[in-house]
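Each protein sequence line maps, in turn, to chains A and B.
When you line the first sequence up against our numbering, it's residues 32 to 529, in that order.
When you line the second sequence up against our numbering, it's residues 186 to 249, in that order.
Just so you know, these hints were derived from the structure itself, not from any lab.
Quantities reported herein were computed from a predicted structural model and do not represent experimental measurements.
Note that CB positions come from ideal geometry on N, CA and C, so glycine has one too.
A few of these clues could be false.
Result set (DMTMM-like, lysine to aspartate or glutamate): computed pairs, CA atoms no more than 25 Å apart in a straight line [to be verified]: (1) A/K69 / B/E209; (2) A/K292 / B/D240; (3) A/K299 / B/D240; (4) A/K130 / B/D240; (5) A/K130 / A/E63; (6) B/K188 / A/E294; (7) A/K245 / B/E209; (8) A/K292 / A/D475; (9) A/K100 / B/E209; (10) B/K188 / B/D240; (11) A/K251 / B/D240.
Per the computed footprint, the stretches of chain A lying under chain B, defined by three or more beta-carbons under 8 Å from a beta-carbon of chain B, are [what the hints assert, rightly or not]: (12) 38 to 47; (13) 253 to 261; (14) 309 to 319.
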Amino acid sequence: MNVALLIIFAFAALALFLGIRATHGKEMNVDEFAVGNKGFGTLFIFLLIAGEVYTTFTFLGGSGWAYSKGAAAFYVPAYICLAYVISYWIVPNIWRYAKQNHIISQPDYFASKFNSPILGLVVSFIGTIALIPYIVIQLKGLGIIVSEASYGSISPLAASTIGAIIATIYVIISGIHGSAWTAVLKDIMILFVIVFLGIYIPFHYFGGIQPLFKAVEAVKPESLVLSAEGLSISWFVSTVILNAFSFYLLPNSFSVVLSAKGERSLKKNAITLPLYTLLLLFAFFIGFAAIIEIPGLQGADGDLSLLRLTLQTFDPWVVGIVGAAGLLTALVPVSVMLMSASIGLMTGFYKLIAPQASDRQQLIVSKVFVLIIIVVAFIFTVTGGNALAILNIMSYSFIAQLVPALLFSFFNQRAFNKFGAMAGIITGVAIVLYATVTGAKLADAFPSIPPIINDINTGAIAMAVNVIIAIFVSLLTNHLISSGRKETYQEPAKDLVK
Amino acid sequence: MIKLLLIVPFIGMCLLLPFANRIEPYIFGLPFLLFWIILWMVLSSAILAIVYKYDPANQGGEEK
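Take these sequences, add in the hints, and give me the full structure.
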């Protein structure tokens, strides 16, 4: 047991304590569990949304992409920033409808808006399938961070297991409240750690930021710009736009939106969050510094660049604090994802087969889903393998297929009814599935197309087909929908034409 | 109408990107492409603040 591991354990215990205490004095019901009774103010929403951004990705992927893929890594802050810009427009529409119609999950929203429980079921399955790889990535990342930061005195698997248990305990006890409270601790830690490392390392090794980049330019100039093919400009732009629109459709982000007290707190956060995302810049500095200082990490090992550089530079107690911050960046998103996936399945699936279930039964079923999901994620964490890598690539592209239905749900539903939405979503998902499993690109079908088109993100192409199919099917099936259709909520639409 | 301003960050971050895909000149110690993205993150925040201030939906009283 070394000092680094002691520090990590101390923070793990603190997180568990905060998570369990979070609902102190509150009576637990489904609303409290899922969306904090729609009572979270600006600060909690800020921390929860930021929690989705500063995940283990900041620690491993942010620096890792900068290390192994260079400027392509910049797509991350770019899409997150634009997601906030879009959120100013779409999120209040979602929140207002949810408030009026007592919506507590994403499948609930789609089922209600399109008056189609089956659509809710489809959405809940897509959401869960997309979230499981994310949970697995966080658990794996957690294992790597804690194992490295403890100088190998605990195995990655043991660390992942402990992390999974902590997150599960406080989600089951406190629901989203547990995530909110641990998010406070996490954000203080990550802010401190990433800014410190991001400034200290370039100055320590290179004497400044510009000298760092000059040194990188001398060795690997191509890593500072986007390449002409592959991870090119058209890949960058299509991925940024696709992810920006999908961001708030990840079930975990959607849940956070629903937990807000008012729409102004959501809008205010849209202003400050792009600035907060600037923190990723510091992770990039570390990744670029690692290109010079610890060259030779191959493939996925590039993700270790931040930790290896930290180990090489600092005393064990600093390493312990970095490891603890890494642990927390995994726990918070895992807990929100677990909660939102379980509530999604409960509302989309369980309520469909048991519409008369009491609040207490719904709460119990939600907690059972939490356990099932974490067990499935844990099995994937242990076994790993190809299936997971494929799922991970598909996650965002899957979620993106819900975007057209969401956007059209704000407007006239004649052009995009429940049949159209369903047909579009299923077609889009099928295209993504086919393209990912077979590795097909457009160039296979049309060999002569230029890279600028071939590099477009598959999810974006699937989304375009999705829209066309949806509108086509809607126009064909409109006569099937009787006038008994639920009155749609009109105010957001008015708001949009201002 | 003020919400149309929200398109501007997309123009900067996506449409103008081909012109920003270069290393020189360095600004604030950052290679130009990285600086460009950072710049638009800061501008996005500023634009959102302007939209928030002038959006009629946010006028009048604290929200219920």
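Evaluation of the provided hints:
{"no.": "1", "hint": "A/K69 / B/E209", "result": "49 Å, violated"}
{"no.": "2", "hint": "A/K292 / B/D240", "result": "19 Å, holds"}
{"no.": "3", "hint": "A/K299 / B/D240", "result": "12 Å, holds"}
{"no.": "4", "hint": "A/K130 / B/D240", "result": "21 Å, holds"}
{"no.": "5", "hint": "A/K130 / A/E63", "result": "14 Å, holds"}
{"no.": "6", "hint": "B/K188 / A/E294", "result": "16 Å, holds"}
{"no.": "7", "hint": "A/K245 / B/E209", "result": "11 Å, holds"}
{"no.": "8", "hint": "A/K292 / A/D475", "result": "50 Å, violated"}
{"no.": "9", "hint": "A/K100 / B/E209", "result": "19 Å, holds"}
{"no.": "10", "hint": "B/K188 / B/D240", "result": "7 Å, holds"}
{"no.": "11", "hint": "A/K251 / B/D240", "result": "46 Å, violated"}
{"no.": "12", "hint": "38 to 47", "result": "violated (count 0)"}
{"no.": "13", "hint": "253 to 261", "result": "holds (count 3)"}
{"no.": "14", "hint": "309 to 319", "result": "holds (count 3)"}
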